[in-house]
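K.L.:
First to last, the sequence lines map onto chains A and B.
Take the first sequence: its position 111, counting from 1, is numbered 111 in this note's numbering, and each next residue is one higher.
Take the second sequence: its position 132, counting from 1, is numbered 132 in this note's numbering, and each next residue is one higher.
Calculated from the structure, these hints are not laboratory results.
A hint or two may mislead.
Simulated restraints, written as ranges between beta carbons of each label pair [as the list claims (entries may be wrong)]:
#, chain 1, residue 1, chain 2, residue 2, range
1, A, GLY48, B, ALA54, 18 to 24 Å
2, A, ASP135, B, SER109, 44 to 50 Å
3, B, ALA54, A, GLY44, 36 to 42 Å
4, B, ARG29, A, LEU40, 16 to 22 Å
5, A, SER45, B, ALA16, 15 to 21 Å
6, A, GLN21, B, ALA58, 24 to 30 Å
7, A, THR42, B, TYR132, 22 to 28 Å
Stretch by stretch, here's where chain A covers chain B in the computed footprint (C-beta under 8 Å, at least three residues) [claimed, not checked]:
#, stretch
8, 7-19
9, 94-102
Since the structure is predicted, the reported quantities are computational estimates derived from the model, not experimental observations.
Each residue gets a CB set at the ideal place from its N, CA and C atoms; glycine is no exception.
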Amino acid sequence: MRDYQDMVFTTAARLSGNDSQAEDIAQEVFVRAYQNFESLRTSGSAGGWLKTVATNLAINHHNRYRRRWRFFSELRRVDAESDDEELEWQGPDDLLQELSDEERRERVDAALKRLPDAQRIPLVLFHFEELPYQDIADRLNVSLAKVKTDIRRGRATLATLLQADI
Amino acid sequence: MSVRDPLHRLLRGLPARRAPVGLEERVLRAIRQQADAPWWRRSFRHWPLPACVAFVLACGASLGLIWWGGSRVPVETLALGGVGGMLMSWLHAVSAALATANHVGQTLSAVFTHVLPSQWLYGILLLCGSLYAALFLMGAAAYRAFGSHSPAQDHSS
Numbered sequence: 001m002r003d004y005q006d007m008v009f010t011t012a013a014r015l016s017g018n019d020s021q022a023e024d025i026a027q028e029v030f031v032r033a034y035q036n037f038e039s040l041r042t043s044g045s046a047g048g049w050l051k052t053v054a055t056n057l058a059i060n061h062h063n064r065y066r067r068r069w070r071f072f073s074e075l076r077r078v079d080a081e082s083d084d085e086e087l088e089w090q091g092p093d094d095l096l097q098e099l100s101d102e103e104r105r106e107r108v109d110a111a112l113k114r115l116p117d118a119q120r121i122p123l124v125l126f127h128f129e130e131l132p133y134q135d136i137a138d139r140l141n142v143s144l145a146k147v148k149t150d151i152r153r154g155r156a157t158l159a160t161l162l163q164a165d166i
Numbered sequence: 001m002s003v004r005d006p007l008h009r010l011l012r013g014l015p016a017r018r019a020p021v022g023l024e025e026r027v028l029r030a031i032r033q034q035a036d037a038p039w040w041r042r043s044f045r046h047w048p049l050p051a052c053v054a055f056v057l058a059c060g061a062s063l064g065l066i067w068w069g070g071s072r073v074p075v076e077t078l079a080l081g082g083v084g085g086m087l088m089s090w091l092h093a094v095s096a097a098l099a100t101a102n103h104v105g106q107t108l109s110a111v112f113t114h115v116l117p118s119q120w121l122y123g124i125l126l127l128c129g130s131l132y133a134a135l136f137l138m139g140a141a142a143y144r145a146f147g148s149h150s151p152a153q154d155h156s157s
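Please take these sequences and the hints and turn them into a complete structure.
P.N.:
Written out as structure tokens, the structure is:
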């Protein structure tokens with residue numbers, strides 16, 4: 001558990017944007033790992049399994065909460081932006097490079113927490129988990145266009161927040 | 001995502017966060033609690049097979065008993081004291097409720113099929129549907145107008 005707890009907690013914290021929720025999720029992940037201990041011990045891919053379960057639990061938690069609000073909140077039209085539009089980074093190429101790894105991590109995590117769920121979750125899945133757009137849309141149960149728009153907006157907001165902190 | 005993308009490079013290069021110090025102890029405590037819990041306090045999935053079978057049979061038997069036996073409980077037994085009398089009165093009450101629901105259903109069905117002309121029926125359904133849709137749209141409009149600070153705002157980007 002010690003080998004993986006940072007990774008599991010980080011995954012849950014970045015997706016949920018809430019440390020106490022992330023701790024609950026991490027606990028649940030390791031309890032499940034304990035229940036599947038025999039198969040995990042022989043599989044050799046415990047890290048991947050733990051990361052997947054942490055991601056799924058965080059998304060499930062989010063979806064459960066969102067379901068109550070979803071119909072009304074998603075009535076607004078997703079802007080008809082081009083699917084092929086490039087994700088342009090609106091900050092300098094060497095942003096935060098002058099900071100140490102830990103300082104950079106703190107800045108980015110703090111900025112991520114300030115993003116709305118709808119932008120943070122697809123952005124984390126896209127950049128940290130490296131999931132393709134379609135997989136993100138399927139897992140969040142939203143349209144492909146919305147995922148692309150949310151990621152684009154999330155990146156723009158993140159750029160603004162990170163540069164404002166400098 | 002291209003590694004040339006500065007944001008992707010920045011995010012991918014971040015170190016992991018440190019898990020809270022108490023996480024390990026929390027997990028061990030949760031595992032201990034689960035292990036110590038008797039089988040009937042765990043989820044149904046973890047019950048022993050004989051207990052699962054017995055539970056399902058008992059549920060079926062209870063339902064059957066309520067459905068078929070409830071209406072046949074002699075009124076005198078309801079006056080019995082103690083646990084037996086209480087059980088009988090519950091059984092009778094549940095059975096009476098089921099029978100009432102059944103009668104209401106049959107009456108409504110008779111009204112719709114024999115008394116009301118079909119045009120009326122369609123009219124009523126249409127009216128109910130319209131009222132429901134109107135209420136729904138008013139709710140949506142009110143939410144949009146006044147619910148701008150609700151958590152759902154997070155999903156409206």
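K.L.:
Flag every earlier hint the structure violates by its number, smallest first.
P.N.:
Of the numbered hints, 1, 6, 7 and 9 do not hold.
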